[in-house]
Structures are given as structure tokens and as C-alpha cells.
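Chain by chain, the residues:
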Amino acid sequence: MKDFRTRLESERAYLQRYASLQLRDPHVAEDAVQETLVAALAGEASFEGRANLRTWLTGILKHKIVDAIRRLSREATMVPVDAEEFDALFSADGHWVDPPAAWSDPDASLQQKHFFAALEACLERLPQKTAHAFMMREHLGLETGEICKELAITPTHCWVLLYRARMALRECLEKDWFGPK
Amino acid sequence: MMLTCKEVSRLVSQGLDRRLGWTERLWLRLHLAICEGCTNFKKQMDFLRRALRELGSKAP
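Each protein sequence line maps, in turn, to chains D and Z.
Residues 1 to 181 (our numbering) are what the first sequence spells out, left to right.
Residues 1 to 60 (our numbering) are what the second sequence spells out, left to right.
In isolation and in its complexed conformation, chain Z is listed as follows (with noise of 0.2 Å):
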């Protein structure tokens, strides 16, 4: 089996959210070491946690 990039975006999410089990860790690892479009997207939703944290503590 092999996750789309669809069902990898899902997952990315979810893996902010909840501990993913090792199966969809390793088909998620899997599909990112071969998708650059999914490897970036992760890096956007990583970045997102970290404006997200530091969003207030900027405001005037």
C-alpha cells in the first residue's frame, strides 16, 4: 500500500494532534523520502505550530 499525497496531508495534520501508530509512521516516512511537494507541505505545517506559539507575545 501506498499513501497519496491527499492522505499524507491528513495525516501530517494529525500527526500534530495525535500519536500516529508505527504502520502509518513508517508508510508516512516512506512517501516523504520520496515527495518534495509532501516534504515541504510538512515543513509549512511546522512552521505554522511555531507562529502559532509565538502569535500575542509580537503584538504591540
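Next comes chain D alone, as it looks inside the complex (with noise of 0.2 Å):
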């Protein structure tokens, strides 16, 4: 069997992958990751008879995104609590200017690793902010009540954050995945 050291090594590029996808910042990711891998080797015990190294390592990163994400928030200025940048996609009467089409097959996406990609990269070209509210929320799986003490907003200023999110994901998948090729 492989050194317990050397096996926490190998994953560390998974771990950083992981961590820059929702910190945004190589550096803090690396911080993230570096902390992750620590606590990992004063735990060893606490690994003995688990299955997957990885995902008890992810397990522990997750917890080091959300304390570098607090942190991270109390540096980040304010973000507009509206999300105008929408408002071109309805008439003035609040109809959709362009009514959203049917995706054909999206489970089908689900299977392919190019899908991921295309996603990851959508995610990437979300404000910093945006993608730490909606990753909490929908990858970590964090209620809106959490997500707002972590960033230090309101609900109503959470809700919009998670709907730019949506939305601007929206726009970007249909165009660079499920849109007319």
C-alpha cells in the first residue's frame, strides 16, 4: 500500500480543480486546497476503512471553500440588488422577447463530458460573487438562509444573485450546447 502522503499528493490536482471551478482564484483555491490536505494528514485515523480517498477529501475541501468564501465576502463590495441586464430579454409588457425552446434530450448531455466542459466554462464567465451564491446553493447544496450569512446579504439580494446565475447559465448553454449547431 501506497504511503498515506503520497496518496493525498496524487489528488491534489483533482482538489485544485475542484476548488478553482467555485473560488474563481487559483490562489485562494490553492490555499483551500492546501488546508484541505493538512487536516487530511492530522485525520489519517479518521480515514481508516473508508472506501474512497477522494471523496473524503472532497468532503473535508468543501468545508474549506465555505470558510475561504466568508472570508472572501468580506473583502467583495456590494453587487446591484436588481437584475436589469435581463430586462432586454422582455418587451415592455413583460413577455419573453425570444420564448425559451425546448432543449432536445438534455438527459442526454447529462452522459457526455464534453457537456461538463461547456458548462464549467459557462460557469467561469459568472461574477465572482454570483457563481460563490450559486454554487453554494445548487453544487454544495447550502439552504438560502445559510448562503446569506456566508456572503452577508439579505434573501431578497441572495435570490437575485441566484437568478442572474440561472439566467446568464441559461443564455450560455443555449448558446454554446443546446442552440442550432
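Heads up, a few of these hints could be off.
[Unchecked claim] Below are the SDA-like pairs computed for lysine to any residue, each with C-alpha atoms no more than 20 Å apart in a straight line: (1) Z/43 - D/62; (2) D/149 - Z/18; (3) Z/43 - D/105; (4) D/113 - Z/47; (5) D/175 - Z/40; (6) Z/6 - D/115; (7) Z/43 - D/115; (8) D/113 - Z/18; (9) D/175 - Z/18; (10) D/149 - Z/37; (11) D/62 - Z/50; (12) Z/6 - D/95; (13) Z/43 - D/149; (14) Z/43 - D/97; (15) D/113 - Z/50.
Because the hints were derived from the structure by calculation, they are not lab data.
Quick caveat, the model's predicted, so the values are computed rather than measured.
Both chains come to you apart, so use the hints to assemble them.
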């Protein structure tokens, strides 16, 4: 059996990628990964008998990511609370200018690596705070209340951020993945 | 009162983050019953949720 430290090291690249996607800042991500590996090394005993090292490490990393986001949000400035950037999608009376069409067989996309690459590219284009709120909600599975607390924002502000993220991702996937080839 | 598509798009999103009130759900359902664009939008939002849950598990 390989030395525990070597096994941890071999997961570093994966963890770095995982953290970068959510934190959007490679240096902050590196710190989170480093903290994770240190914690893992100290907690080797609690890994004993578990099947999957990557799953265990990812679990630790998620906590480090939330800590990092909390630190970052103390420094970040507030973003405007409305989502006017999507007004152009609607006419003056609130109808879709270009009504959303059905995406063809979206579940088949979930089986494709290329789809997730396109999704990651779209996520990378989100503004930082929007991305943080969205990843905490949809990927880490936190409730809105917890996200508000971590980002020090109101629930309304939080809903706007999540709305903004979903609208932007929808447009991006429509263009880059589901749109006419 | 009828909801506009713009309002519906916000409510659909909020419905993923909080429990909507019964009037909100009623107006939403009435609108979705007659609006294909918003129905597609809602399906896309539900799909985004599934996709994000799976993100990472498919990583190399």
C-alpha cells in the first residue's frame, strides 16, 4: 500500500480543479487545497476503513471552500440588487422577446463529458459573487439562509444573485451547447 | 392579476430557493398552463439543478 502522504498528493490536481471552479481564484483555491491536505494528514485515523479517498477529501475541501468564501465576502463590495441586465430579454409588457424553446434530450447531455466542460466554461463567466452564491446553493446544497449568512447579504439579494446566475447559465448553454449546431 | 413572463421567470427561480406562497403557486400554475416559453424555461431551470448536482462527479 502506498504511503498515505503520496496518496494525498496524487489527489492534489483533482482538488485544485474542484476548488478553482468554485472559488474562481487559483491562489485562494490553492490555499483551500493546502488546508485540506494538512487536515487530511492530521486526520488519517478517521479515514481508516473508508472506501474512497477522493470522496473523503472532497468532503473536507467543501468546508474549506465555504470558509474561504466567507473570508472573501468580507472583502468583496456589494453588487447591485436588481437584475436589469436581463430586461432586454423581455418586451415592455413582460413577455419573452424570444421565448425559450425546449432543449432537446437534456438528460443525454448529462452523460457527456463535453457537456460538463461547456457548463464549466459558462460558470467561469459568472461574476464572482454570483458564482459563489450559485455554487453554494446548487453544488454544495446549502439553504438560502446559510448562503445569506456566509455572504452577509439579505435573502432578497441572495435570490437575485441566484436568478442572475441561472439566467446567465441558461443563455450561455443555449448558445454554446443546446443551440442550433 | 396575471403574471408576466418576466415575473414568472423570477418566481420559477425563487421556487428553487424558498417555499412559494399558495397564491404564488396558483398564479404560477395558471401561467405555465398557457405559456409554452415559460414551461420550457422551468424545465431548463430544473435541468440546471440536476446538472450542477452531477458536476464534479464526472470530472477526470
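Original post:
Are the Cα positions of residue 43 of chain Z and residue 149 of chain D separated by 20 Å at most?
Top reply: 29 Å, violated
Original post:
Given the hint that residue 62 of chain D pairs with residue 50 of chain Z, does the C-alpha gap stay at or below 20 Å?
Top reply: 19 Å, holds
Original post:
Quick one, are residue 43 of chain Z and residue 115 of chain D close enough, alpha carbons at most 20 Å?
Top reply: The given pair, whose Cα atoms are some 17 Å apart, holds under the 20 Å limit.
Subject >> Straight-line alpha-carbon gap residue 113 of chain D to residue 50 of chain Z, limit 20 Å >> reply: 15 Å, holds
Original post:
Straight-line Cα separation of residue 113 of chain D and residue 47 of chain Z no greater than 20 Å?
Top reply: 16 Å, holds
Original post:
Hey, residue 43 of chain Z versus residue 62 of chain D, does the alpha-carbon distance stay inside 20 Å?
Top reply: Not OK: residue 43 of chain Z and residue 62 of chain D at ~28 Å, beyond 20 Å, violated.
Original post:
Regarding the pair residue 43 of chain Z and residue 105 of chain D, is the alpha-carbon distance no greater than 20 Å?
Top reply: With a Cα-Cα distance of about 11 Å, the restraint between residue 43 of chain Z and residue 105 of chain D holds, given a limit of 20 Å.
Original post:
Is the Cα-Cα distance between residue 43 of chain Z and residue 97 of chain D 20 Å or less?
Top reply: 19 Å, holds
Subject >> Restraint check for residue 6 of chain Z with residue 115 of chain D, where alpha carbons must lie at most 20 Å apart >> reply: 28 Å, violated
Original post:
Under the criterion that the straight-line Cα-Cα distance not exceed 20 Å, is the pair residue 113 of chain D, residue 18 of chain Z satisfied?
Top reply: 31 Å, violated
**OP:** Assess, step by step, whether the Cα of residue 149 of chain D is no farther than 20 Å from the Cα of residue 37 of chain Z, and give holds or violated.
**Re:** 34 Å, violated
Original post:
Quick one, are residue 175 of chain D and residue 18 of chain Z close enough, alpha carbons at most 20 Å?
Top reply: The hint is violated at about 29 Å.
Checked against the numbered hints above, the structure breaks hints 1, 6, 8, 9, 10, 13 and satisfies the rest.
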